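J.: Sequence:
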Amino acid sequence: MTKNKKNLIKSVSSSKKKFILIIGDDGAILSLVAGKVLEERLFVAIDSPSDIGKLKEILANNKDVPISILVDLIEQSYTHQSLPAVSSFSINRLVKKKLDRMFPENHLKGSILIDRNKIGRMDWNFLLVSVPFTEPLSTWFNIVIEQDNPLDGIYLFPIEAERIIGQFNKVFLPKPAIVKKDKSTPNANHWQLFITHNKVTGFRQVAFKNNKLSFTRQISVDNTETSNFIAGTIEQEAINIFEYLKRLSLQESDKIDIYVIVSKDIKKALQKINATLSKAVILTPQESAIGLGYEHVVGEDDKYGDILLSVLFANSKPVLSFIPESVKNLFILEKIRKLIFFPLYVIIPSCLLYLSTIEYQVYTTVERLRSLDDTKKNIIASYEKDKKIASSMGDVTKISEVISLYKILSNNEHYSPIQTIHDFINVGNGKVLVNNLNWQIISSDSRQNSTYNFATPEQNNQDNNKQIQMTLELELINNNSGYQGLFDDFDNFTKILNTAFSNYNIEYSKLTDNIDFKQANKIIPVKLKITGPKNKS
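All residue numbers for the sequence shown refer to the working numbering, where the first residue is 2 and numbers rise by one.
Hints may be right or wrong, so weigh each one.
Stated by the list, open to error - Calculated cross-link-like contacts (lysine to aspartate or glutamate; reagent style EDC-like; alpha-carbon spacing at most 16 Å):
1) 511 <-> 489
2) 64 <-> 136
3) 268 <-> 244
4) 55 <-> 76
5) 18 <-> 226
6) 55 <-> 41
7) 18 <-> 52
8) 528 <-> 492
9) 200 <-> 226
10) 304 <-> 226
11) 268 <-> 253
12) 64 <-> 41
13) 273 <-> 236
14) 528 <-> 508
15) 210 <-> 149
16) 268 <-> 296
17) 432 <-> 490
18) 280 <-> 258
19) 496 <-> 385
20) 432 <-> 385
Stated by the list, open to error - Have a look at the derived ranges for each label pair, beta carbon to beta carbon:
21) 294 <-> 245: 49 to 59 Å
22) 485 <-> 419: 20 to 30 Å
23) 274 <-> 245: 19 to 29 Å
Hints were generated in silico from the structure; no laboratory data involved. In this text, all values refer to a predicted model and were calculated from it rather than measured experimentally. Yeah, the Cβ is synthetic: ideal placement off N, Cα and C, and Gly gets one too.
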């Protein structure tokens with residue numbers, strides 16, 4: 002048993018399907034019910050390994066579907082008991098003590114409140130219920146809890162018939178008789194008798210007084226007997242029940258409704274007898290199913306009520322649940338888990354939807370970050386590339402200054418320093434190096450110098466009577482040609498210079514006399530001043 006207790010504590014099934022295993026002394030029938038639809042049905046003999054194997058296979062294929070055990074065994078005990086008029090807070094404890102004293106420890110025990118006396122001591126009236134937890138019930142229970150299916154509980158058919166007969170009343174007694182207490186019938190009661198022929202049980206008779214279980218009895222019958230024989234047996238048992246009910250409290254003024262569920266052959270035989278059950282509502286399983294709105298549950302040839310009763314029970318609210326003491330604590334734990342986890346079926350989908358939204362937002366954010374990261378990498382790569390180009394270009398500031406100066410110098414239409422410098426470079430022929438250059442705009446009339454303002458060249462371009470005066474500090478390069486060669490180079494330079502700048506006044510310093518051949522590799526400085534042009538065209 003310890004090995005199987007763990008199966009009572011499983012995650013709560015969200016399935017709307019239910020397994021109902023109705024067990025009797027002649028076997029059991031498993032039904033898989035989904036609302037008003039019967040999906041599976043299987044008769045199982047307790048001594049048939051093949052049948053039990055099929056049962057386990059069906060349960061395994063639907064392991065999340067809960068299962069209820071509906072007991073219709075012959076060995077059940079129902080005892081009416083009056084208890085002292087204690088408070089409603091104390092009565093349950095008193096009932097438990099009474100059950101423990103009256104029935105053995107290995108019995109499944111429970112109670113149903115019938116009513117409370119309204120006069121006198123106002124005692125509590127209970128129906129105390131007991132069923133031995135022995136074979137075959139214990140055997141079926143062990144088979145069930147060995148499976149993965151959650152166990153809803155153990156229920157007794159006579160007790161649950163209270164809900165089932167209520168469904169019959171709504172259909173076959175559209176306006177149930179309501180017994181009014183008046184002077185002519187001060188003690189009138191409403192009785193109902195429910196008789197059903199079941200495959201696993203035989204005939205089950207259940208009597209209700211004012212909608213409360215009062216009496217139940219089971220009759221074993223050989224299903225191979227003729228319909229007339231079985232009908233006669235039912236008629237005789239009905240007579241016996243009425244006699245017993247009269248000894249209980251049935252009066253002539255009481256109203257009684259009778260339902261009989263049998264095969265169509267037995268129904269015909271009962272209608273011929275026309276005796277005790279002449280006023281009963283006699284129905285076949287199919288007629289009952291159609292009337293109650295379960296058209297596809299049983300067929301025309303179904304003789305027994307087990308399947309119909311299982312489906313009706315699956316669609317009813319249970320009255321009283323039983324569970325063995327050995328696993329009761331675990332079963333209570335399972336019920337608590339249902340109460341805890343039920344709200345989660347609403348909360349969890351909402352959370353999952355919310356999380357999926359967040360996940361999408363995170364995904365899009367990550368993608369945007371990746372895109373930004375790629376852009377950043379491209380910018381850095383472009384920057385590094387430009388940085389390498391800039392470093393290879395040298396001092397960018399100086400280059401920028403040269404460009405600015407070039408723009409300024411190129412802006413003069415009448416006297417262009419750039420053109421003058423360009424002409425001078427052609428004269429140098431690679432033997433003259435310019436170390437320093439200073440140029441000015443001077444007046445050709447007054448010969449007064451005015452330093453050129455780089456910031457405002459426009460002011461200097463308006464007067465055509467101005468000239469450029471360039472002062473250059475040169476270095477005459479000695480190419481190991483000796484003293485005479487140096488002077489020859491200088492003479493050639495001056496001749497070419499005078500020819501190239503014939504429209505300019507040229508002044509230059511002479512070579513120093515302190516030159517020897519030891520200084521042949523050195524550079525000889527020369528200062529040159531060019532002023533012009535003399536005539537502007």
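J.: Indicate, hint by hint, whether the structure satisfies it.
T.: Each hint, compared with the structure:
1. Between residue 511 and residue 489, the direct Cα distance comes to roughly 13 Å. Compliance with the 16 Å bound is thereby established for this hinted pair.
2. A threshold of 16 Å between alpha carbons decides the hint, and for residue 64 with residue 136 the separation of about 25 Å lies outside it, so the pair is violated.
3. Of the pairs offered as hints, the one joining residue 268 and residue 244 is violated, with about 23 Å between alpha carbons and a cut-off of 16 Å exceeded.
4. Taking the CA atoms of residue 55 and residue 76, the gap is near 27 Å; set against the 16 Å cutoff, the hint is violated.
5. Restraint check for residue 18 and residue 226: not satisfied, since their Cα atoms lie roughly 37 Å apart, outside the 16 Å limit.
6. Between residue 55 and residue 41 the alpha-carbon distance is near 12 Å, which keeps this suggested pair within the 16 Å criterion.
7. For a cut-off of 16 Å, the pair hint linking residue 18 to residue 52 is broken: about 22 Å separates their Cα positions.
8. Between the alpha carbons of residue 528 and residue 492 the distance comes to roughly 15 Å, so the proposed pair stays at or under 16 Å and holds.
9. The suggested pairing of residue 200 with residue 226 holds, with an alpha-carbon distance near 14 Å, which does not exceed 16 Å.
10. Annotation: proposed proximity of residue 304 to residue 226 holds, straight-line Cα distance about 13 Å (limit 16 Å).
11. About 27 Å separates the Cα atoms of residue 268 and residue 253, which puts this hinted pair outside 16 Å; it is violated.
12. Taking the CA atoms of residue 64 and residue 41, the gap is about 14 Å. The hint holds against a cut of 16 Å.
13. Proximity of residue 273 to residue 236 is assessed by CA-CA distance (about 11 Å); at most 16 Å being required, the pair is judged to hold.
14. A hinted pair counts as satisfied when its Cα atoms are at most 16 Å apart, and residue 528 with residue 508 qualifies at roughly 8 Å.
15. At most 16 Å may separate the alpha-carbon atoms for a hinted pair to count; residue 210 and residue 149 exceed this at roughly 40 Å.
16. Note on residue 268 and residue 296: the hinted pairing is violated, with a Cα-Cα distance of about 20 Å set against a maximum of 16 Å.
17. Using a Cα cut-off of 16 Å, the hinted pair residue 432 and residue 490 holds, with the two alpha carbons roughly 8 Å apart.
18. Between residue 280 and residue 258 the CA atoms are separated by roughly 8 Å; this keeps the pair inside 16 Å, and the hint holds.
19. Proximity of residue 496 to residue 385 is assessed by CA-CA distance (about 52 Å); at most 16 Å being required, the pair is judged violated.
20. In summary, the hint linking residue 432 to residue 385 is not supported, as the alpha carbons are separated by about 41 Å, beyond the 16 Å threshold.
21. Taking 49 to 59 Å as the suggested C-beta distance range, the pair residue 294 and residue 245 does not conform, at roughly 34 Å.
22. Taking 20 to 30 Å as the suggested C-beta distance range, the pair residue 485 and residue 419 does not conform, at roughly 36 Å.
23. Evaluation of the 19 to 29 Å hint for residue 274 and residue 245 yields a pass: the beta carbon distance comes to about 20 Å.
Violated hints for the displayed structure, listed by number in ascending order: 2, 3, 4, 5, 7, 11, 15, 16, 19, 20, 21 and 22.
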